[in-house]
Each structure stands twice: as structure tokens, then as C-alpha cells.
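Undergrad: So the sequences go chain by chain: W and C. So the first sequence is residues 309 to 591, counted in my numbering. So the second sequence is residues 241 to 586, counted in my numbering.
Note that these hints are calculated values from the structure, not bench results. Treat the hints with care, as some may be off.
To be verified - Here's a subset of chain C near chain W, in silico, CB distances under 8 Å, partners left out:
| hint | residue |
| --- | --- |
| 1 | 332 |
| 2 | 352 |
| 3 | 511 |
| 4 | 522 |
Stated by the list, open to error - Just so you have them, the derived chain C footprint on chain W, three or more residues with Cβ under 8 Å:
| hint | region |
| --- | --- |
| 5 | 433 to 443 |
| 6 | 461 to 475 |
| 7 | 523 to 529 |
| 8 | 580 to 587 |
Said to hold, decoys possible - Have a look at the derived ranges for each label pair, beta carbon to beta carbon:
| hint | chain 1 | residue 1 | chain 2 | residue 2 | range |
| --- | --- | --- | --- | --- | --- |
| 9 | W | 310 | C | 284 | 29 to 39 Å |
| 10 | C | 272 | W | 356 | 50 to 60 Å |
| 11 | C | 241 | W | 466 | 54 to 64 Å |
| 12 | W | 492 | C | 477 | 26 to 36 Å |
| 13 | W | 311 | C | 241 | 23 to 33 Å |
| 14 | W | 344 | C | 241 | 50 to 60 Å |
| 15 | C | 423 | W | 498 | 40 to 50 Å |
C-beta atoms are modelled at their ideal positions from N, C-alpha and C, and glycine is treated no differently.
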Amino acid sequence: MRRRSIVRELQNNLLVVWAVFVRDITFWLRYPSWIFTFIALPYMFSGLFYGMGYALAGPSSLKNFASKTGTENAFLYYTIGSFILLFTELVLSDVSASIRSEQLRGTFEINYVTPTNKLVLWSAPVIPHGLMSSGIMIASTLPVVIIEAGKLDPVNFFIAVMVLFLGILPLLGLGMVMAALTMRFKEPWAVINMVRVILYLLSGIYYPLTVLPEYLRYMAVVVPPNYMVDILRDLLIFQRKVILSDYRILALFILSSIYLILGFSLYRRWEQNARRTGEISKY
Amino acid sequence: MPAHAIEAVNLTKIFYSKERRGWFKRGRTKKIVAVDHISFKVRYGEIFGFLGPNGAGKTTTIKMLTTLLIPDEGDAWVCGYHVVNEANRVREVIGLSLYSDRGFYWKLTGRENLRYFAYLYHIPPKQAEKRIDELLKLVGLQDKADVLVEEYSTGMKSKLNFARALLNDPEVVFLDEPTIGLDPNSARAIREIILDLKKQGKTIFLTTHNMEEADYLCDRIAIISRGKIIATGTSSELKSLIERRDIIVVEASNISDKVIEKIKGVDGVAYVSKTIKDSVSMSGVLRIGLNGNSRDLLPSILRVLANSPIKVNFIKPSEPTLEDVFIKLTGRGFYEEEVNSQRATK
Numbered sequence: 309m310r311r312r313s314i315v316r317e318l319q320n321n322l323l324v325v326w327a328v329f330v331r332d333i334t335f336w337l338r339y340p341s342w343i344f345t346f347i348a349l350p351y352m353f354s355g356l357f358y359g360m361g362y363a364l365a366g367p368s369s370l371k372n373f374a375s376k377t378g379t380e381n382a383f384l385y386y387t388i389g390s391f392i393l394l395f396t397e398l399v400l401s402d403v404s405a406s407i408r409s410e411q412l413r414g415t416f417e418i419n420y421v422t423p424t425n426k427l428v429l430w431s432a433p434v435i436p437h438g439l440m441s442s443g444i445m446i447a448s449t450l451p452v453v454i455i456e457a458g459k460l461d462p463v464n465f466f467i468a469v470m471v472l473f474l475g476i477l478p479l480l481g482l483g484m485v486m487a488a489l490t491m492r493f494k495e496p497w498a499v500i501n502m503v504r505v506i507l508y509l510l511s512g513i514y515y516p517l518t519v520l521p522e523y524l525r526y527m528a529v530v531v532p533p534n535y536m537v538d539i540l541r542d543l544l545i546f547q548r549k550v551i552l553s554d555y556r557i558l559a560l561f562i563l564s565s566i567y568l569i570l571g572f573s574l575y576r577r578w579e580q581n582a583r584r585t586g587e588i589s590k591y
Numbered sequence: 241m242p243a244h245a246i247e248a249v250n251l252t253k254i255f256y257s258k259e260r261r262g263w264f265k266r267g268r269t270k271k272i273v274a275v276d277h278i279s280f281k282v283r284y285g286e287i288f289g290f291l292g293p294n295g296a297g298k299t300t301t302i303k304m305l306t307t308l309l310i311p312d313e314g315d316a317w318v319c320g321y322h323v324v325n326e327a328n329r330v331r332e333v334i335g336l337s338l339y340s341d342r343g344f345y346w347k348l349t350g351r352e353n354l355r356y357f358a359y360l361y362h363i364p365p366k367q368a369e370k371r372i373d374e375l376l377k378l379v380g381l382q383d384k385a386d387v388l389v390e391e392y393s394t395g396m397k398s399k400l401n402f403a404r405a406l407l408n409d410p411e412v413v414f415l416d417e418p419t420i421g422l423d424p425n426s427a428r429a430i431r432e433i434i435l436d437l438k439k440q441g442k443t444i445f446l447t448t449h450n451m452e453e454a455d456y457l458c459d460r461i462a463i464i465s466r467g468k469i470i471a472t473g474t475s476s477e478l479k480s481l482i483e484r485r486d487i488i489v490v491e492a493s494n495i496s497d498k499v500i501e502k503i504k505g506v507d508g509v510a511y512v513s514k515t516i517k518d519s520v521s522m523s524g525v526l527r528i529g530l531n532g533n534s535r536d537l538l539p540s541i542l543r544v545l546a547n548s549p550i551k552v553n554f555i556k557p558s559e560p561t562l563e564d565v566f567i568k569l570t571g572r573g574f575y576e577e578e579v580n581s582q583r584a585t586k
């Protein structure tokens with residue numbers, strides 16, 4: 309009996325995820341200008357920082373770069389960094405702004421009064437957005453990775469994709485924390501921009517964390533993209549093997565648990581409070 | 241099966257509103273008792289209307305009953321499920337139409353919107369398609385089902401809203417001002433669907449500030465004013481609360497408070513209420529309740545009207561309506577209270 313209800317609950321939640329998936333993919337395919345953005349952005353960011361680096365350090369820039377990072381291939385280093393930056397950006401903004409944008413659109417209450425698990429409902433947009441954006445970005449950056457790195461180990465590539473999906477979990481939790489803050493402060497971009505600046509500073513996206521002061525390096529321990537970008541560079545630039553018991557994968561698992569619990573409990577608290585104050589159905 | 245489809249006991253909701261003055265100064269925090277200890281029961285299969293002016297507490301009540309708000313005091317049950325402790329159970333058995341033209345994804349078609357919400361109600365895909373077809377037919381949107389919602393008129397969005405509220409074949413349907421902002425034809429179509437739903441055995445809880453609509457649709461009506469239920473009963477029971485008296489209806493333009501005061505000054509006039517339909521030409525309707533016989537009093541009233549700048553379109557006698565009941569019970573005109581409540585919240 310209990311098993312049957314668990315199966316039914318799972319089926320119901322999958323149907324909700326599917327509903328959100330179809331809804332968002334339909335939006336995206338009906339208004340496809342975003343595809344060009346995702347194809348172009350990783351290269352645009354990489355080119356920008358590559359140019360800045362050269363302007364600052366001149367002809368010896370790549371040697372300086374190699375002494376800090378272990379590779380002279382700055383373009384590939386930046387492309388992988390840009391890829392993680394955009395991926396993180398997308399997951400965080402999707403989750404943190406989803407509730408607020410539903411409120412402003414007038415669809416929040418109607419979604420809310422359905423008998424769905426709200427945590428599943430509000431976090432489900434991550435799946436279509438994560439899949440579409442990462443699929444397109446992988447397709448657009450893969451040729452560069454192959455050309456620049458010289459070869460591509462299929463096992464390493466598979467692990468890289470898995471790391472991306474694992475990385476969604478802590479980002480989802482962080483997104484929920486930001487969503488709760490967004491609802492508290494009303495203005496989503498004020499919260500999202502503040503968190504994202506701190507996050508990207510400590511993520512080692514365009515430089516190794518070793519260039520940062522020691523106290524900032526300690527703070528970076530709780531920043532998930534830091535581990536993701538490090539693993540991806542090991543796999544794709546340095547062609548190193550990464551095993552499941554790698555400390556960075558364990559760190560991603562631990563951060564997933566912490567941020568998911570924190571995010572979901574903050575959301576629950578906001579929800580209860582909003583149902584009391586009327587905030588939940590004000591718009 | 242529980243005895244009542246909806247039961248509310250001492251339901252209360254208080255909001256706190258902060259005043260803002262200039263850029264940095266905060267004014268007082270105002271306590272607003274939106275719903276004040278209301279109790280009522282709705283039977284299975286009936287259309288129960290919540291009639292009251294804007295700001296009376298109708299939508300707040302609906303939001304508490306549909307789990308969107310937690311009451312500050314009191315309890316409520318829908319189909320036997322407690323609205324706070326068993327919120328998800330309540331959501332399974334209700335349908336809600338909260339706004340006539342909001343609450344849709346405009347870049348999806350009508351059918352896609354319904355499909356999305358059907359999945360949120362856990363209706364399996366095959367069953368959902370069948371149900372969506374039935375509902376589109378019911379509301380007369382089959383031909384426009386595959387058009388983006390952004391291209392829908394207000395009336396079409398209202399109908400779609402209606403269809404969505406029925407997706408999960410709910411036992412109780414909550415409709416908040418279902419015909420507000422609609423043209424007469426669309427409003428009539430929606431009213432016919434509501435009556436159809438009643439025939440299917442659905443319980444309908446609707447809020448409205450349209451007295452004719454409440455009179456036409458509802459089996460029983462609760463009149464709500466300033467957060468309190470002031471009377472409950474069938475339309476004829478409510479009308480019997482006021483003594484039989486003659487009522488004169490004057491449709492006119494250039495209506496002013498000065499004229500109303502003059503009419504009130506005529507010996508034998510019990511009350512005058514106004515409904516302004518166009519605030520530029522100040523045209524609208526005056527309802528004049530008389531203590532005496534209309535034949536005796538009409539000449540005096542006509543004299544006042546003739547000596548004032550008011551332009552009369554027609555004058556006719558009328559039967560007592562729910563508005564007269566409202567005036568009798570509150571001492572205020574229905575629309576006067578509406579204007580005052582809007583002023584108070586501004």
C-alpha cells in the first residue's frame with residue numbers, strides 16, 4: 309500500500325516535471341533567438357578575457373599564465389570557465405527568479421492551488437533550461453575543446469557531462485536560498501546580482517584560486533562552480549582521470565545536501581509567512 | 241460524506257498596511273480587519289453567492305478557503321478537509337477561477353495552457369486530452385483552442401479560466417467575480433455555464449458585487465459588508481427582510497450630491513442611493529425608497545428634479561432588490577460603500 313503510494317507520488321511528480329519541461333521548451337522553440345546567445349557567449353567571454361590578459365601582460369602573457377595555471381592554452385581555459393559561468397548563471401537565475409516572475413505574470417496563485425509538490429514545481433524549470441543550454445553550449449564548444457586539446461577521451465567527456473548534472477543540485481539549493489531572499493526583498497535582480505558577483509569572484513572561472521588572498525580561498529570552499537570548473541579542466545585540458553571518490557566530487561555532494569536543505573527550509577518558511585501576511589497572493 | 245461542502249467558523253483575516261510618506265519616512269501601520277469572524281455553511285450542489293461591494297472581504301474569504309491564505313482566527317473545511325491542516329487535500333477537490341483574464345502563459349495556446357495545468361492536477365496525458373476537449377466544447381473555445389492566449393479577447397480568457405477551474409472535475413468550484421469586465425454576451429454565456437455546472441451537481445461558491453447576477457444565479461446569498469456577513473438566505477428571504485415599500489428608479493445624468501440631499505428632504509422619502517455609471521457626465525441611477533405611496537409622493541419628487549440641473553432619462557417604479565436589502569441592513573448605499581472603501585484604501 310505504502311509502496312503503491314510512493315510510486316504514485318513519483319509518477320505525479322514526473323508528470324509535473326514533464327509539464328514544466330514541455331511548457332518551457334515550447335517557449336524557447338517559439339522564440340529561438342536565445343540559441344544564438346548560447347552559441348556565441350562562451351566565445352565572446354573567452355575572447356574578452358584573452359584580449360585583456362594580452363593587453364596587460366604583453367607577449368609574455370601566455371608564459372605567465374602557464375606558470376599560474378599549468379597550461380598555455382588560455383583560450384580553452386577561458387572557454388571552459390565561460391561555459392561554467394553561463395551554466396551557473398542560468399540555473400541560479402531560473403530558480404531564484406521563477407517564483408517572482410510567476411507572481412508578476414499572475415500565474416503564481418493558479419500554480420500554487422494545484423495539489424503539486426511546490427518544491428518540485430518551482431525547481432523543475434532547471435531541467436529543461438539546463439538540458440537545452442548545456443546541450444547547445446556543449447555542441448558549440450566541443451569543436452574548440454577537440455581542436456585546442458588535440459584529442460577528447462570519451463570517458464572523460466562522459467564524466468564531464470555527469471559533473472555538470474551533479475553541479476545542478478547545489479546550484480538548485482543556492483537558487484532556492486536566493487528565491488527566498490528575492491521574495492523578501494521584492495527586487496529579484498538586486499539579490500541575484502549581489503550573490504552572483506561574490507560567487508563568480510570565488511569560482512576560479514578565469515583565474516586559478518591560488519592567485520586570491522588566503523581568506524578568499526577559504527571562502528571559495530563553499531562555492532560549487534569552483535569544483536565543477538576545476539574537474540572539467542582536469543578532464544578536458546589536462547586529460548587527467550577523475551574518480552568518484554575524488555574530493556571535489558565529494559565536496560559537490562556535501563554542498564548539494566547543505567544547500568538543498570537550506571534552500572528548501574528557507575522556501576518553506578517564506579511560504580508559511582507569505583500565506584499569513586497575504587504576500588503570496590498580492591500580485 | 242461530510243454534511244456540508246463548505247463550512248466556515250469564525251473565519252478572520254487581519255492585514256497590516258504600512259503607510260509611506262516621501263522617500264524615506266514611514267507612516268503608521270494600519271490594522272485592516274479584512275474578514276471579521278464570519279461563519280457560514282454551503283450545501284452540496286448549491287450555488288452560494290458572496291455579495292458585497294469592493295473591499296468587503298469577498299476575495300480574502302475565497303483565498304482562505306482555497307488555501308492561499310492562512311486565517312488568523314477560526315477554521316474552515318472544504319468537503320470535510322481542513323483548509324490549513326489538509327491544504328493539499330483541499331486543493332485536490334476544488335477548482336478556482338481567481339482572475340478573469342490573468343493567470344495564463346500568454347505564449348502558449350489555450351489548449352497548451354489547459355494541458356499544462358491538467359498535468360499539475362496529475363491527470364494522465366490520455367485522460368487529460370479527453371477532458372480538455374470536453375471543456376473547450378463546454379466553454380465554446382474549440383475553434384480558438386490552438387491560438388496563442390495573447391491573441392485571446394477578455395471574454396475568451398474568462399472562458400478559458402473557467403475551463404481550467406474545471407480540469408480536475410472538482411467537487412467545489414470557487415469563482416471570484418466571474419463576469420467582471422465582460423461584455424453582456426460573454427457575461428451571459430458564463431452565467432449559463434455556471435447554471436450548467438449546478439445541473440451537473442457541482443457546488444459553486446461565487447463572489448460578486450453584481451446584485452442582478454447574485455439574484456439570477458444563487459440559491460443562497462450571504463451579504464458581506466466591511467468583513468462581516470450581515471445576512472444570509474435565498475434572494476426572496478433577503479428581500480422579505482425589508483418591509484414592502486414603493487421604490488422609484490430614476491435614470492439621469494448630471495447627478496450631484498446636492499440633488500440627492502434635496503430629494504432626501506422630501507417628506508416621505510426613506511432613502512436615496514446612487515449608482516454612477518459615467519463619472520464624466522455623472523450619469524447613473526438613483527433608487528428612491530419611499531415610506532408612503534408613490535402616487536402621493538411622485539409630484540413632490542418630480543418638482544425637485546425639475547428645479548435642479550439633473551437631466552432625467554426615465555422614471556419607473558421598481559420591486560425591492562438586493563440593493564434595497566443592503567441599504568436597509570447597513571444604512572449605506574451599495575456603491576457608496578464601494579467608493580468609500582476605495583477611498584479608505586487609497
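Undergrad: Would you settle whether the hint for residue 511 of chain C is holds or violated, based on the nearest Cβ-Cβ distance to chain W being less than 8 Å?
TA: Hint violated; residue 511 of chain C Cβ to chain W Cβ min 35 Å, cut 8 Å.
Undergrad: Per the CB criterion, is residue 522 of chain C less than 8 Å away from chain W?
TA: Violated: closest Cβ of chain W sits about 34 Å from residue 522 of chain C, beyond 8 Å.
Undergrad: When I compare C-beta atoms, does the region 433 to 443 of chain W have three or more residues closer than 8 Å to chain C?
TA: violated (count 0)
Undergrad: Confirm or reject the claim that residue 423 of chain C and residue 498 of chain W have a C-beta distance inside 40 to 50 Å.
TA: Roughly 42 Å apart at Cβ, these two residues keep to the hinted range, so it holds.
Undergrad: Taking 29 to 39 Å as the stated bounds, is the beta-carbon spacing between residue 310 of chain W and residue 284 of chain C within them?
TA: holds, 32 Å
Undergrad: Per the hint of 26 to 36 Å, is the separation of the Cβ atoms of residue 492 of chain W and residue 477 of chain C within bounds?
TA: Violated: the Cβ-Cβ distance is about 48 Å, outside 26 to 36 Å.
Undergrad: Residue 311 of chain W and residue 241 of chain C, beta-carbon distance inside 23 to 33 Å?
TA: holds, 29 Å
Undergrad: Is the hinted range of 54 to 64 Å satisfied by the C-beta distance from residue 241 of chain C to residue 466 of chain W?
TA: holds, 56 Å
Undergrad: Holds or violated: the region 580 to 587 of chain W covered by chain C, criterion of 3 or more residues with Cβ-Cβ distance under 8 Å?
TA: holds (count 5)
Undergrad: Could you check if residue 332 of chain C really has its C-beta closer than 8 Å to a C-beta on chain W?
TA: For residue 332 of chain C, the interface hint holds, since the closest Cβ of chain W sits about 5 Å away, which is under 8 Å.
Undergrad: Okay, residue 272 of chain C versus residue 356 of chain W on CB: inside 50 to 60 Å?
TA: About 53 Å separates the Cβ atoms of residue 272 of chain C and residue 356 of chain W, which means 50 to 60 Å holds.
Undergrad: With a C-beta cutoff of 8 Å, work out whether three or more residues of the region 461 to 475 of chain W approach chain C closely enough for the coverage to hold.
TA: violated (count 0)
When the structure is compared with the earlier hints, violations turn up for hints 3, 4, 5, 6, 7, 12 and for no others.
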